[in-house]
Each structure stands twice: as C-alpha cells, then as structure tokens.
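Asker: One letter stands for each residue in the lines below.
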Amino acid sequence: MYYSQFLSHVCMPHAVLLQPTKSWSSSKSNAGTKVGHCSKVPRNVNLEKLRSGYLFPEISRHEAEHLQKNPDESLIRLGIGDTTHPIPDTITLAMAEHVHGLSTIQGYRGYGAEQGNMALRKAIAGKFYQDMGIEADEIFVSDGAQCDISRLQLLLGPNVTVAVQDPSFPAYIDSSVVVGQAGELEEETGKYGNIIYMNCGPENNFFPDLSATPRTDIIFFCSPNNPTGHAASRQQLKQLVEFARANGSIIVYDSAYAVYIRDESPKSIFEIPGAREVAIEISSFSKFAGFTGVRLGWTVVPEELKYSNGFPVIKDFNRIVCTCFNGASNIAQAGGLACLSTDGYQALCKVIGYYMENAKILVDGFKSVDLKVYGGKNAPYIWVHFPGLNSWNVFGEILQKTNIVTVPGRGFGPAGEEYIRISAFGQREHILEASRRLQFYL
Amino acid sequence: MSLANNLSTSMFSSSSSAFLAPTSFNASRTRSVSVPLKSLNIVKCVATPQEQQIAYKTKVSRNANIAKLQAGYLFPEVARRRAAHLLKYPNAQVISLGIGDTTEPIPDVITSAMAKKSHALSTLEGYSGYGAEQGEKAVRAALASTFYGNLGIEEDDIFVSDGAKCDISRLQVVFGSNVTMAVQDPSYPAYVDSSVIMGQTGQFQKDVEKYANIEYMRCTPENGFFPDLSTVARTDIIFFCSPNNPTGAAATREQLTRLVQFAKDNGSIIVYDSAYALYMSDENPRSIFEIPGAKEVAIETASFSKYAGFTGVRLGWTVVPKQLLFSDGFPVAKDFNRIVCTCFNGASNISQAGGLACLSPEGFEAMQEVIGFYKENTKIIVETFKSLGFKVYGGQNAPYVWVHFPGRNSWDVFSEILEKTHIVTTPGSGFGPGGEGFIRVSAFGHRENVLEACRRFKQLYN
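If you're matching them up, the sequences are chains A and B in order.
Take the first sequence: its letter number 163 is residue 163 in the numbering used here, and every next letter is one higher.
Take the second sequence: its letter number 21 is residue 21 in the numbering used here, and every next letter is one higher.
Honestly, I wouldn't trust all of these hints.
To be verified - Each computed DSBU-like pair below joins lysine-lysine, with the alpha-carbon atoms no more than 35 Å apart: (1) 57(B) with 49(A); (2) 137(B) with 69(A); (3) 206(B) with 386(B); (4) 458(B) with 391(B); (5) 210(B) with 49(A); (6) 264(B) with 206(B); (7) 68(B) with 40(A); (8) 379(B) with 68(B); (9) 40(A) with 137(B); (10) 40(A) with 264(B); (11) 127(A) with 401(A); (12) 238(A) with 59(B); (13) 360(A) with 49(A); (14) 391(B) with 127(A); (15) 122(A) with 116(B).
To be verified - Here are some of the chain B residues that sit facing chain A, going by a computed Cβ distance under 7 Å: (16) 265; (17) 269; (18) 312; (19) 329.
Quick caveat, the hints were computed from the structure, so don't treat them as lab data.
We put the CB at the ideal spot given by N, CA and C, even for glycine.
Build out the structure end to end from the sequences listed, making use of the hints.
Answerer: Next up, the structure:
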C-alpha cells in the first residue's frame, strides 16, 4: 500500500516521497528531470502525514491494473460499496420534472438555502425522526456524508481529540489527519498518536469496551457499521450516550445504513434519551436510494448540543455550511423529496431488500466453506475472517484467483487485519457467480 | 422564519466568549431544557442565571477560529434584511439586485441533457453510481478544450466540483493553517471567511475592519482596481478575482503579467477566480493561464453558476497545473487530489451531464445568449446611475455595477435604498473595508424588474 514514487522535480532535493500513484500522473508528468519553479509555499504538514491515497481510489487502482493485465476476465466488483440497482422511476421522474421546470420562468430556481429545501428538511424529519423531537431546522441537507464529515471536522477544528471505532470508514481518520487533530503516524502500530482507536471485534460483540476507553472530545460511531455490518443494540447505544455525557464528549453518529436494519436495533442515535445533548447524526441517500452519483445526504445538529462555553454547535455548523458550501443540487433535492414519498420509499425498500438478499447469498456461501462471517444482516457488508492472514494479501489472492474485487480489512484500520469486506451491491447473477467462484476457490 | 435562517443574523463580537442567541432562538420550542432568549450582550461566566445552570454543556471547546468571524456570511445577512423588509412591507414589490442570483431559465438543450440523465438512472444500462471524484472524463476534456485550448492545460489538470465556493474551502484545507494570504480589498467574502475558519488569520481588528495576518490589497478607482504590488507584502497565497466581484474590474494582460511576475518573485501561489470570465467584453485575458509562466504559480477556479444559471444545480471546476509545486517540490495537484478524494465525492452526475451539454456547440451558444441578456441588464443599470450623476464602475466586463456614494456608510445606503425603493443591493463594506462608500448592484433579474428598478432609482436620486 506504500508507493515509493517518482518526484524528480529538481528545485529541492528530496527523499523518496510516499504518495498514491494516480494513472494520469505516472504516465504523463515527469518525463525526466525538470528544473522548474518551486513556490515558497510550504506543503501542509498534515497532508504529509497521510501515507497513501484514500482507500477506495486505491482499490480502484488495483482493479484497473488487474483489468489491464486480464482484459478478458469477467471482473466482479464487491469492493467499493457502489450501488448498482437502477433508481425507481418515481424518483427519477421527479428529478426530470424538476429539471424541465428549470427551463421555465415559473420553475426556474437559482440559489437555494444552504441548509437545504425546507420541504425536504421537513420530509427527512418526518420520515426518520418522528417522535424524537428532531425538527426540520436542525437538519442540514448536503451533497453526502463524506463531505459532511469534512465539514464537521472544519467546524470542530484542529484542537479537539477524536476516537474512532477500529475498524471504521476511513474518512473519519483521514479527515482528522487533514485537519490536524491526529498527531503523528506510529509506523509499528499503524495508528495516529492522538486518535483513540476503539477496538470492535467478535470478541466484544463489535462494541468497544468503554471502561477502557480514554476520554476524547469527539467520538465517531457508525451503526449499522461499515465495514463490520454490526448494528449496535439499544443497550449498547445507551452506554455510548452515557459515556459521552459523563465525559462531555460529542458523538458523531453515522447512520448511513440505518434503512438496512432488519431487527430491532435503533435506526437513529436520537432514539436514545439524552442523545440530543451529546450527538450529531450524519446520514445519506447514497445507499438508501442509489444516489451515490446523484449526491445527497444530511446532518442533524440538535439545538441542545453546546460547546463548553454554552455556545450552540448548530450556529457554527450553520456558519460553515453558509461559507464553505452552497447547498446540495436542487435536482438531487427534488429526487430526495420523491424518495421520501410513500411510493418512493416503498420502491426503495424493495431495492434494499434486493441487496440484502444478495448479502444472504454471500453470507451463506462463506458459511458453507466454514469461514467465520459477520455482518450481512443489518448492513450490505459482509465481514469475513481469515485468521492469521494479511488482508491485503488475501485481497490480492482473491482478485487474482477469482477476479473478484473486495476490500482488505486493514484499509479500515489496524483491527481490520485478517478480515475482508465484501459488499452486497451488485446484480443478482454477479452475486451468484461471485458466490460460486468464492466457494470453489476457498 | 426558521431558526437556521436566523442563525447567521446575530452580529456578535468575537472578543468575548459571549453566550449568544438570535432573538427568535426558542420561539417555537416546547422542550423544558431551554436557552433563555438573550440579546447581544457579553455574558460574564461569573453570575449565570438559574436557567443556564441547568442546560447541559459538553466539554468540547468551541473552535476559536470560527469565533473570530464577526457576523454571518454576507449574503445570508442580506437575505435576512430582505426578509425583514418583506415582513414590514408585505405588499412591497421587492426587487433583488443584491445576491448575485441568476433568474433566467436554463436553455432547453442543457436541461434536456439533464432530464435524459435522470431517466437513464432508472435503467440498467444507464445507471451509474459513484463517479470519479475529479469529475467525469468527458466533462474534464470538454472544459480543457473549451476554456484552455492552446494554453497547455490538460484534462487531468481539471477537477470538476459542486461550485467555486466549495472549491475555495477545499483549497484552504489543502493549504492548511500555516500559510499567509492576500486578498483584494474589496473582494468576494468567501476568501477571507474561509481563511479565518482555517486558522490562517489573527483576530478581527475593529478599527481598520481587517483580520490580522491577511494582506489586504486595496483596489480603488484611483489605482484602476489593480493593487500597487510594490506596496504589497509577500504572502504564500494571493486570491485574485477577475472579472472582479464586486467591482466588475477586469485586469489587463499587462496587469496580470505583473501579478504573475510578483507571484514568481515571491514564490507565492495565485488562486485566480475566473467565475465571470465569459462576461468579459474587452480584450482582457479570460484565464490566468494566458499569461506565460502562470502554470507554475497559479490555480484557477471557475463555475457554471453565472454562465448556465447553475446557481442551484451546482457545478464548477478548479485547474491545478502539474507544474505548480510546494516549496519542497511536491505537486500541489497531488494534495488537491487527495483532498478531493477524501473530503468530497464528486459533483452530481446529473449536474455534470448538464455541464457537458453546456459545452456542446449548441449549449455554449445558448449560454452566451443568456449571458448576453444579463450583460444588457448591466448596461441598463450602468446608464441609469451614470445619468443620475453617479461615479459608476464595473458593468463592462462583469454582471456587477459598483456605484460610488462618497462619504456615506454603505450599510446605510443599502438600508435607505431598501426602505425607499424596495430594491435589495449589497453594501460595499460587506466585501471588505475597501468597499465602504460603494454599493454593488447585480444585473441578474428579469428585464422588467431591472427596468422597474432603474425607474425607482431615478425617482429616488433625481
């Protein structure tokens, strides 16, 4: 995962710079040494602390390389959690209608409120936060959870301490490094010095031992979890909220996969009493509505959430949203509204059901070859254990031998070592084929 | 009025750990834990009233950088005043020439492409999920050939985004807190505000209305709205917008050559905002990369907002040439790419489909027509103010008219215009101390509204 690279611009001799290779750069730039102008602007030291590219473009790169070497193989992508099912008509029709409206005097819309269309904010409140006391003006519509995570980091600033689950969605750690919270990377452990890593594995039912967890200002918590698929129980979340309250911490709760929950696990942190004073919730239409390319999500910042000096967090978040952002696309928002209509929601639940059937097929397949499998029940991810093995090696082997792209667990943190994440997004025949190949190979 | 819309309205001092709340903070709340309504006083921590002692607070410190900001972002503030005015005069025909918001419908050729993409997302063959974070290849290629043909800017130097405002913040994240920056004064407020948020600045200095650590490059009629570079201190980053928002000034080739040389001599990086390039009437450069050597010193950001009426659709782009290097030789583009991959997930694929159509011959022609329409509006506004004896700037190369009100406080003039003519403008001081004494009038609007506005201006100032 470390790519020693090429930089031979001769304005400043420099040791080998570790950086991700990108297909454009390796072929184009840098033909021979170049004596060029260097600015005197220092590189942001925080970015230097990132050791490689962001995880998912790295997976894409491996995929592309494999395809180049094996152009005739039928590659099956169960790596990046990219949705594959077409968006139900009722939703795309709403977007098309809105678009046609933009060509008319009555239907034209310019700048929208940076916080999002009020109708959409109300619909989100009504659909997901009914009876939890979350109101429309505590909801900020965005172009997706990944973007919101970074905006939250900009909000919180470099002087807060952060805890993440281990393993976890890489954007929490990476954004923390970028903003300057994370400290130095300790090569031996693969952990950043200032980040608290809360181990989540089968041995602790994928919930951290909070009694052994030091206090941090911020706690990132994702449930249902990417990558492990675990949905925290009500009891576990009560503990988490109590822990946050006792420590005066803020939970950033990622509920992007809430609609995949099949059992009684809470879908929102705000189902837990007291959460409004300690938590922010982020969510997304990506995996809910196949909007991975359309770009729509939201963040809930309750009015009760206060900094230590009593200042409401929501005011500063609003300022960030108004200054660093200009609202989600009004077309995506029109689609979002349709997603939350009765018809739209029903149609989407069918798609989610489809993906979860995929998950079951994959889970059954792995179980049938006696592998320990987690997740796949409340999330579209399956977390497969390969005891004693290096996950990047397993990733490579699976890719080589079965032409299936997965994600090595190590990409999600040190505790992801020995695991592989398989996503359940895909066309049924590909999922069945993948399951066949995996059972055969494994 | 929603809480969130009220949130940016409080003007508060950054020097205190003031306990602040907008006046309607808890207007509709029925929950028992409440924040008492307070006007904008400085609250000492010593004697807190009973109610505040009950309200739970986390132990997380507020980001001191955000606390430095003096007020809400400029445009929501203007919007708030507009809304307040409408409450006062519910039957007033308010005309908005404040926030530069496009008003004319998007040409069919562009919207049909977006509708087509929307429909395609419902089909197996047409469905697409995550796109490349840097943008779709076709869009990048079209941008390169449309705007940078012959300038040596390649497709992979271009990063498609959801707009220039967002890109400005992403660039700030790339640069980090340990760089210094220079802005024009006056300038588009996002440069300064994002700099404050990133922690690059010191406190706001009330006497001069500037943030410490930012180099403000005064641009006035006297210096032709181009800073006297011999008096400008070296900074790492220089934000430069041309055609300029708010003054409408377009830098000449000669001026930009000097700017590039200045950046080269100082080892600085120019962030060149070209969002209004297509409004240029004169023969000035439309891209910084028309200046030799610029690729080694400049980033260019641009937007479809004011070209295609995409203010709500959200699409823009940033060019980071491969030749642009940090002091240690590391390419800026690599770090920008990393930020784009980590802090962003690509512009909406539907917006990008629209963007591609904008860059087709038919689409581009249609865009030019809409731009021409707004330019005609601009002309009408310029003529109106000139006929009234005002010193008027801009309007020739940008959809903004910069009107001088010598000796007057611009927020006062703003209020007076709003009160007496029901026209929303933007007070020049919102763009920096160099904007004091000026009003920005935008030229976006339906023709009849622009004509009506001009009638009212004539009435007021005759």
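Asker: It remains to establish, for every hint, whether it holds in the given structure.
Answerer: Okay, the hints, checked on the actual structure:
For the given pair, residue 57(B) sits about 33 Å from residue 49(A) by alpha-carbon distance, which is consistent with the 35 Å threshold. Pair hint residue 137(B) plus residue 69(A) holds up; C-alpha atoms about 22 Å apart against a cutoff of 35 Å. Restraint check for residue 206(B) and residue 386(B): satisfied, since their Cα atoms lie roughly 34 Å apart, inside the 35 Å limit. Simply put, residue 458(B) and residue 391(B) have alpha-carbon atoms about 15 Å apart, close enough for the 35 Å limit, and the pair holds.
Taking the CA atoms of residue 210(B) and residue 49(A), the gap is near 33 Å; set against the 35 Å cutoff, the hint holds. For the hint pairing residue 264(B) with residue 206(B), the CA-to-CA distance comes to about 33 Å; that is within 35 Å, so the pair holds. Of the supplied pair hints, the one linking residue 68(B) and residue 40(A) holds, its CA atoms being roughly 28 Å apart against a limit of 35 Å. Restraint check for residue 379(B) and residue 68(B): the C-alpha separation of about 39 Å exceeds 35 Å, so the hint is violated.
Using a Cα cut-off of 35 Å, the hinted pair residue 40(A) and residue 137(B) holds, with the two alpha carbons roughly 32 Å apart. With a C-alpha separation of about 9 Å, the suggested pair residue 40(A) and residue 264(B) falls inside the 35 Å cut-off, and the hint holds. Using a Cα cut-off of 35 Å, the hinted pair residue 127(A) and residue 401(A) is violated, with the two alpha carbons roughly 45 Å apart. Restraint check for residue 238(A) and residue 59(B): the C-alpha separation of about 19 Å stays at or below 35 Å, so the hint holds.
In summary, the hint linking residue 360(A) to residue 49(A) is not supported, as the alpha carbons are separated by about 39 Å, beyond the 35 Å threshold. As the CA atoms of residue 391(B) and residue 127(A) are separated by approximately 55 Å, the hinted pair breaks the 35 Å bound. Proposed proximity of residue 122(A) and residue 116(B) is supported: the alpha carbons are some 29 Å apart, at most 35 Å. Residue-level restraint check for residue 265(B) is violated (minimum Cβ-Cβ distance to chain A is 10 Å; threshold 7 Å).
Satisfaction of the interface hint for residue 269(B) is found here, the shortest Cβ-Cβ separation to chain A being roughly 5 Å, below the 7 Å cut-off. With a least beta-carbon distance of about 4 Å to chain A, the hint placing residue 312(B) at the interface is held under the 7 Å criterion. Given the 7 Å rule on beta carbons, the hint for residue 329(B) holds: about 5 Å separates it from the nearest Cβ of chain A.
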